[in-house]
Each structure stands twice: as structure tokens, then as C-alpha cells.
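One line per chain: the protein sequences are A and B, in this order. Heads up: the first sequence runs through residues 1 to 115, numbered per my numbering. Heads up: the second sequence runs through residues 116 to 224, numbered per my numbering.
Among the clues, some could well be false.
[As the list claims (entries may be wrong)] The calculated lysine to aspartate or glutamate pairs, modelled on DMTMM-like cross-linking and capped at a C-alpha distance of 25 Å, are:
# : chain 1 : residue 1 : chain 2 : residue 2
1 : B       : K151      : A       : E103
2 : B       : K171      : B       : D198
3 : B       : K185      : A       : E103
4 : A       : K18       : A       : E1
5 : A       : K57       : A       : E70
6 : B       : K151      : A       : E79
In short, the hints are calculated from the structure, not lab data. Quantities reported herein were computed from a predicted structural model and do not represent experimental measurements.
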Amino acid sequence: EAQVTQNPRYLITVTGKKLTVTCSQNMNHEYMSWYRQDPGLGLRQIYYSMNVEVTDKGDVPEGYKVSRKEKRNFPLILESPSPNQTSLYFCASSLRGLANSNEQFFGPGTRLTVL
Amino acid sequence: GQQVMQIPQYQHVQEGEDFTTYCNSSTTLSNIQWYKQRPGGHPVFLIQLVKSGEVKKQKRLTFQFGEAKKNSSLHITATQTTDVGTYFCAGSAGNQFYFGTGTSLTVIP
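One chain only, chain A, in its complex shape:
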């Protein structure tokens, strides 16, 4: 089944404790992206990747890191989480970069709480 998976689905952590949220897609998609969703703000793009070893900042990259060593995986890293990073996080992928714009397939989401 074609899908985007994220782990963990739920995470409660404390300020400053490094964490990684994994994202994997099995559709051979080139474009992958991370979003955070907060009430009243919609989805805001954190980082995106056009292909392996190519990553770029989105609208709200501060406090986050990403890597794209393999085509299928795009982990989101919070080196030192803070309470303002408490949010619902979505990973998404699409076949090509946005110039050819294809639909984005979203993962199920990761609800992160930073105490």
C-alpha cells in the first residue's frame, strides 16, 4: 500500500531532550516536506527536500534540522526542544518538485508535547 509513515505518533518530552521524528514513504517520491499545524495558523512548512541530499528551509525552520540521506526517509530532528515546539507535525511527499506540482501525500501526524 502506498503510504507515508511517521513515528512516533505521540510523544511527550521535556525541554532540551533531543528527539527525532521519522518519516518514510514507499512511493519513490522525490519531494518531501515537514509541516507543523497549530490552531488558527494552518499548516506551516518547516523544511523541504527536492531530492536526496537537497534540503531547504521553509517558513518556520528555527529549532529544527532535517536530513535526506535516502530517497524514502526524511527525519525531523529537534536538537533542544522547547515548549513552543509543542504542535502536530505532518510529513508529506509528492512525486516531483513543486514546479511540476503534484499532490502531496501526508503521513498520519505526530503529536508532540514539550514540557
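Fit chain B to the supplied structure of chain A, relying on the hints for placement.
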């Protein structure tokens, strides 16, 4: 920076009534996509519009892209309870996506 505003933020309608959500960008967009997110779920792609003035229909849903490629709308005719959810527009400029703030639709049976 790039902004995509969406109105209204909330809409309650009686089943059978029509519903419209509007999306406005501060800059010209390459294209616009629409997504639906059910409560507790993830965004699901509905459609993409690329051309200036483009209109597309999917059963009871009508999507429009403005002539200047800075605004878009989604209209649902005769809403049903299955239409409940939050509708997002998402415009692309360069390689980034800019999502609207979403319109949460409640349909009262």
C-alpha cells in the same frame, strides 16, 4: 513574506445549504491545491488548479482559480454530513508550499 489568508475560519451550515471558502494570497501563485482534513485525520488532496481563471468541478464541489492567480475559492453545493472537516488551500511559489489557515466546516443534520 508570503501569506495565504483563508476565510471564514469557521462555518456552520444546515445540511443541504451551500458553503464557500475563500483563499487570498499576497503574491502570485504558480498553482493552488485544495486539501480536506477530517477531525483527527491528516490532510487529503482534493484538486490542483494551474491556469489563470481555471474552474474545476468534482460532483458537488466547484473550485476556482482567480484571473490574477492570487485567489481561489471552493464551493460546495447542498452540503452533506460527510462534508464535515477543515478545508485548506495551499499555494506554491518556487519550491515552497503556503497553506491557508483553513476553514472548519460543521454540517448540522
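We went through each hint and held it up to the structure:
1. This hinted pair checks out: K151/B and E103/A have alpha carbons roughly 12 Å apart, not beyond 25 Å.
2. For the suggested pair K171/B and D198/B, the alpha carbons sit about 18 Å apart, so the restraint of at most 25 Å is met.
3. Between K185/B and E103/A the CA atoms are separated by roughly 19 Å; this keeps the pair inside 25 Å, and the hint holds.
4. Taking the CA atoms of K18/A and E1/A, the gap is near 32 Å; set against the 25 Å cutoff, the hint is violated.
5. Distance hint between K57/A and E70/A is fulfilled; the C-alpha atoms sit about 18 Å from each other, no more than 25 Å.
6. With a C-alpha separation of about 32 Å, the suggested pairing of K151/B with E79/A is violated against the 25 Å cut-off.
When held up to the earlier numbered hints, the structure conflicts with 4, 6 and fits the remainder.
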